[in-house]
Amino acid sequence: MKLKNIAFWCLLISSLGFGLGAVAQAAEEPTLTSLQETLTEKTVALDTVWVLLAGVLVMFMQAGFAMLETGFTRAKNACNILMKNLMDFSFGSIAYWLIGFGIMFGAGNLFFGTSGFLLKDTGQTFASLDWSTVPLECKYFFQMVFAATAATIVSGAMAERTKFIGYIIYSIIISAFIYPIVGHWIWGGGWLAEIGMWDFAGSTVVHSVGGWIALTGAIMLGPRIGKYNQDGSSNAIPGHSIPLATLGVFILWFGWFGFNPGSTMGAVSDIAHIATTTTLAAAAGAIGAMMLAWKIFGKPDASMALNGVIGGLVAITAPCAFVSAESAIWIGLVVGILIVLSVIFFDKVLHIDDPIGAISAHAVCGAWGTLALGLFAQDVFAPGTTGNGLFFGGGGKLLGAQTLGVLAVFAWCMIAGFLLFFAIKKIVGLRVSKEEELRGLDVGEHGMEAYAGFQIFTTE
Amino acid sequence: MKLKNIAFWCLLISSLGFGLGAVAQAAEEPTLTSLQETLTEKTVALDTVWVLLAGVLVMFMQAGFAMLETGFTRAKNACNILMKNLMDFSFGSIAYWLIGFGIMFGAGNLFFGTSGFLLKDTGQTFASLDWSTVPLECKYFFQMVFAATAATIVSGAMAERTKFIGYIIYSIIISAFIYPIVGHWIWGGGWLAEIGMWDFAGSTVVHSVGGWIALTGAIMLGPRIGKYNQDGSSNAIPGHSIPLATLGVFILWFGWFGFNPGSTMGAVSDIAHIATTTTLAAAAGAIGAMMLAWKIFGKPDASMALNGVIGGLVAITAPCAFVSAESAIWIGLVVGILIVLSVIFFDKVLHIDDPIGAISAHAVCGAWGTLALGLFAQDVFAPGTTGNGLFFGGGGKLLGAQTLGVLAVFAWCMIAGFLLFFAIKKIVGLRVSKEEELRGLDVGEHGMEAYAGFQIFTTE
Amino acid sequence: MKLKNIAFWCLLISSLGFGLGAVAQAAEEPTLTSLQETLTEKTVALDTVWVLLAGVLVMFMQAGFAMLETGFTRAKNACNILMKNLMDFSFGSIAYWLIGFGIMFGAGNLFFGTSGFLLKDTGQTFASLDWSTVPLECKYFFQMVFAATAATIVSGAMAERTKFIGYIIYSIIISAFIYPIVGHWIWGGGWLAEIGMWDFAGSTVVHSVGGWIALTGAIMLGPRIGKYNQDGSSNAIPGHSIPLATLGVFILWFGWFGFNPGSTMGAVSDIAHIATTTTLAAAAGAIGAMMLAWKIFGKPDASMALNGVIGGLVAITAPCAFVSAESAIWIGLVVGILIVLSVIFFDKVLHIDDPIGAISAHAVCGAWGTLALGLFAQDVFAPGTTGNGLFFGGGGKLLGAQTLGVLAVFAWCMIAGFLLFFAIKKIVGLRVSKEEELRGLDVGEHGMEAYAGFQIFTTE
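Protein chains in written order, with our numbering: chain A, 1 to 460; chain B, 1001 to 1460; chain C, 2001 to 2460.
Careful: at least some of the hints might be erroneous.
[What the hints assert, rightly or not] Cross-link-like lysine-lysine pairs, in silico, BS3-like; alpha carbons within 30 Å at most:
1) Lys139/A with Lys1227/B
2) Lys1425/B with Lys2299/C
3) Lys2434/C with Lys1227/B
4) Lys1299/B with Lys426/A
5) Lys397/A with Lys426/A
6) Lys299/A with Lys2227/C
7) Lys2295/C with Lys1434/B
8) Lys426/A with Lys227/A
9) Lys1434/B with Lys1227/B
10) Lys1295/B with Lys434/A
11) Lys299/A with Lys2434/C
12) Lys2348/C with Lys2434/C
13) Lys2139/C with Lys1139/B
14) Lys425/A with Lys1295/B
15) Lys2434/C with Lys295/A
16) Lys2426/C with Lys2227/C
17) Lys425/A with Lys1299/B
Note that these hints are calculated values from the structure, not bench results. Predicted model only: the values in this text are computed from it and were never measured.
With the rest of the complex left out, here is chain A (with noise of 0.2 Å):
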């Protein structure tokens, strides 16, 4: 605290206007140790500087999923899928603070921290955290934005039909405690990580847990009006903005440069690796997807595109720092074809409706990301950690371990979103009226339409 406050103080004393400048710096002569710790201070200050970077970008996949949501749905909806993303996180980053980041990352059992929070430390707290050198609250900010990302997951697959207080309620209560047990379970010191379960950034600590949860939404929901037909067929119902869509997925591949490569928590040079296989696994998604949509569809859809990026991007989460940029590509060229049939299959046979996929492209390809962990990971990557997979002569117990993270995870994440929604369902109710849902939230929930001025139609 001392040392990095003389800086500080320099700093703002001289803002005063005393004009005493650029004094104190130097006068005295070099010695080993006061090397030493001016380096050990710039290092922590350069690793502050990459973390808290890598967070801002991350905090801003937030307008990435606030677009994608918003322009994969209907006009008559954009307010409310909008608003949802900001309040979201508003209220998300308030809840992780007040509760989450002490069960995620608190002192406590192998399930859940039971200390930490309000970011109280005695010193001990959050020793599941020590590896990094970063301030505390530079920790907390970063990891702020990761409850973020998972709460938000769940509103694509809940958009067009959910009452407004029910995603404030369901996201205070991701924040606060559904993702923070899974992220102690891994990231905090709990049984997942002892079992030797690896989860670099997230693909199942993050997305799974998004994902899953969105799936439990969206059966407590039910599909929106006009989506399946009395034969059981399924019509598309196409959102109303491409554009905003695609800049949204911009958005999100620009954010997971801070998502993938921030998660070393320190400035190392082995980010520009894990930023390698981040890119290649999200090229080789969209190519993936766009490949096999435009062979059973006939054309080169632009919404199987899109979702494959995302979708090799949330694979690659899990498995960036330990394999290498030709596994990352295969990776990728898997979920392509994974994304595809995953929402076929969600939409055509089990009558899911999820208007904007997430259900595939954040649970379905975060499990396989966490799976290839398994099979593609090689030690020389991170020498000491994860092994090799199965791929590479390490055998099945890695594999095994990821997937019983996988599986555990599902679990609770079922359980817990269908208790989630059943209460929400009961005490504030779940779903708009039938004649708001035709009329659009906007105007129901909200009282105000996205597009004032511009002509719409209203078919639904």
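Mind docking chains B and C on chain A? Use the hints.
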């Protein structure tokens, strides 16, 4: 200058293809002195990387303002408001380089700088910024994007009725003179700094300045046609794209992580605390404004929540480095109330037509944030600077200085603003013709439409 | 590799929950050697953080191009142009990893590299990049986003009439071969570097390459239906969303602060000077173009001002590190004139239909910027590199080399471009059918609409 250029030489010479590669490096034995020199050089590089990237984030806020203002106004005026945002940054950056930076930070008297135009530096010229190690042009860049922010705020309140030539003139005058003079008072070693007023990142310096000038502009222009009825009641004129407005708010929130933490003007780990207070205040502002709007209007209005974010960010800008996370939340919650009441007050009571709520968000919340510093500051966060505020046992002295600063800046901006707009009115005219206003400024001022090919209602 | 991994081990091992915390750190006494090693390691980390973040900003320019091109074209072709932007980045990043990077920077001859495919490095392979300390994958990442920029420029001039399959093919060929060959000449130790041509961040390498290939594409395609009348006069075909186009320009401006300052490929304080010249030239470009358009057309046209920003940014890209702030403003002002006249010339005189003005902004302004380096360069900014240009007493030698470079790249791109598009035309066809063009490429190529639910005029 020399040290850094050695690296730069190597870089460029070898890029010539001479194939020398990384030759020179580290052939010699290190000494204490050589290590310290290298460490100092790298510290400057780290500081420069941080401040420059922070400045780049602030620059991107121009896109945020452009989207916010465009989204909250009508489609027929979209090109005009966009062009305004583009051109105020363009003219502003050059005007600030030519004149503004010298007035703000150049050596001079307690009221304005009288040297340092075109960044000419005799070595003593910019003593008021000597506390930061970064190169002069980095200081210029970071301060320039702040100046452009102050200038761009004004246009929101004057939207949909101002002549384009008027925008250009006032952008130049604000960036070159009005804003830098206030900046000199508080950040350039001027009289308000002397009496102990603090404004870490510019609630008053940037936002209130923009906001109060906006107020004079809105008064001088009068309301848009159709805004107020004969009986004194007010009509809502809804914006044409809530998605763009929301995107704008997310971009602004994103950019504010350059605005506030970057105001350290050096890489220090305190940036984590600043980012934390910044985001919590914004979140609390959104929550507070949404809640109150819900209570007053019966529905959670999106515009109010969006303005709550901006208001929260504006308010925390002054105290972000000096207050606790808890205090930041309180400051934000008060913003939530303040902004809703302020918007209603200016609209319904004073009949001042501010299309996007710029006066409330920037002037009122900026004043609140500056005063809040006097209430919530705690010595522990930046020892030896502000001391404790009123709520933490520091007595009323700090609050007194803050109040004086708020009032002085208010007075200066009102006088300068009225003179400025009066002069523009006399010389080139301030407001477009009634016909042009009804038809839209896009066609009238720019000979084009924002959405060619879309059907747009033209009600006024 | 070892040093950095120690930190990484600690990081990951402890994240397993072993609770070791920050143990190892600094138990031993520091020595001169240990301090120097740590300092070197941290310098690499700092350089990597900077270059990676700069690359991430450049990556985001893809969103900028997507929004700019979409906004400046018609609603019926929006999905197509968006998909193109998404897929050229996806294919390009993999193609450049597979082939392009090796051709550009791998050891080979004066004309192209013949090694280093898939980033395979024998230790001598990438000697042309040894001047930068960052890891190889960081170099790849930074250069890859440049390659993708060159490829994406082309689509703007070919918008609204090109077959989607054609886009994909040329994106791959440009990223893998055409662009990297020019890159090798100038940045990879090739013949233009040998003769003393300079291009700091790619006015010629990136922008002119994209722009000249765009020219060949536009010629080979012919104009859009309805663009030119029988009498030879030209019709304006206005873009459908100036807000998106403006957002795109702001994103590009934002990303350019990675493009130019990041081209130091290391953290040096010169980045401040580069950012300053960059923004001043862009501002001057906007002002110049707006003024001239105002004079010629009677109104300040938004499209011209937006293109003025792009042109200014393109032009300053080559000389940004070598010229003064004053010179940057002059370079930008000339752009303002050049781009307006160039757009008129290509449209009215040559009847080459370039929907977004890509040829003028990238090829013409890129050539201008490369020549301007020969006029305005001053030895003082990067001693021992370019020397002084013509206007600063350096004689015409530098200008001669620049001119030769511009001409050589023009010739190469025209030849390669024509061959490329001729081949595509013969093999899969380059242009969509007349029916599809009239109906829009969104439905024809992708089976979808960009704005489902909005009323859109379909005049052609």
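Which numbered hints turn out to be false for this structure? 1, 3 and 5
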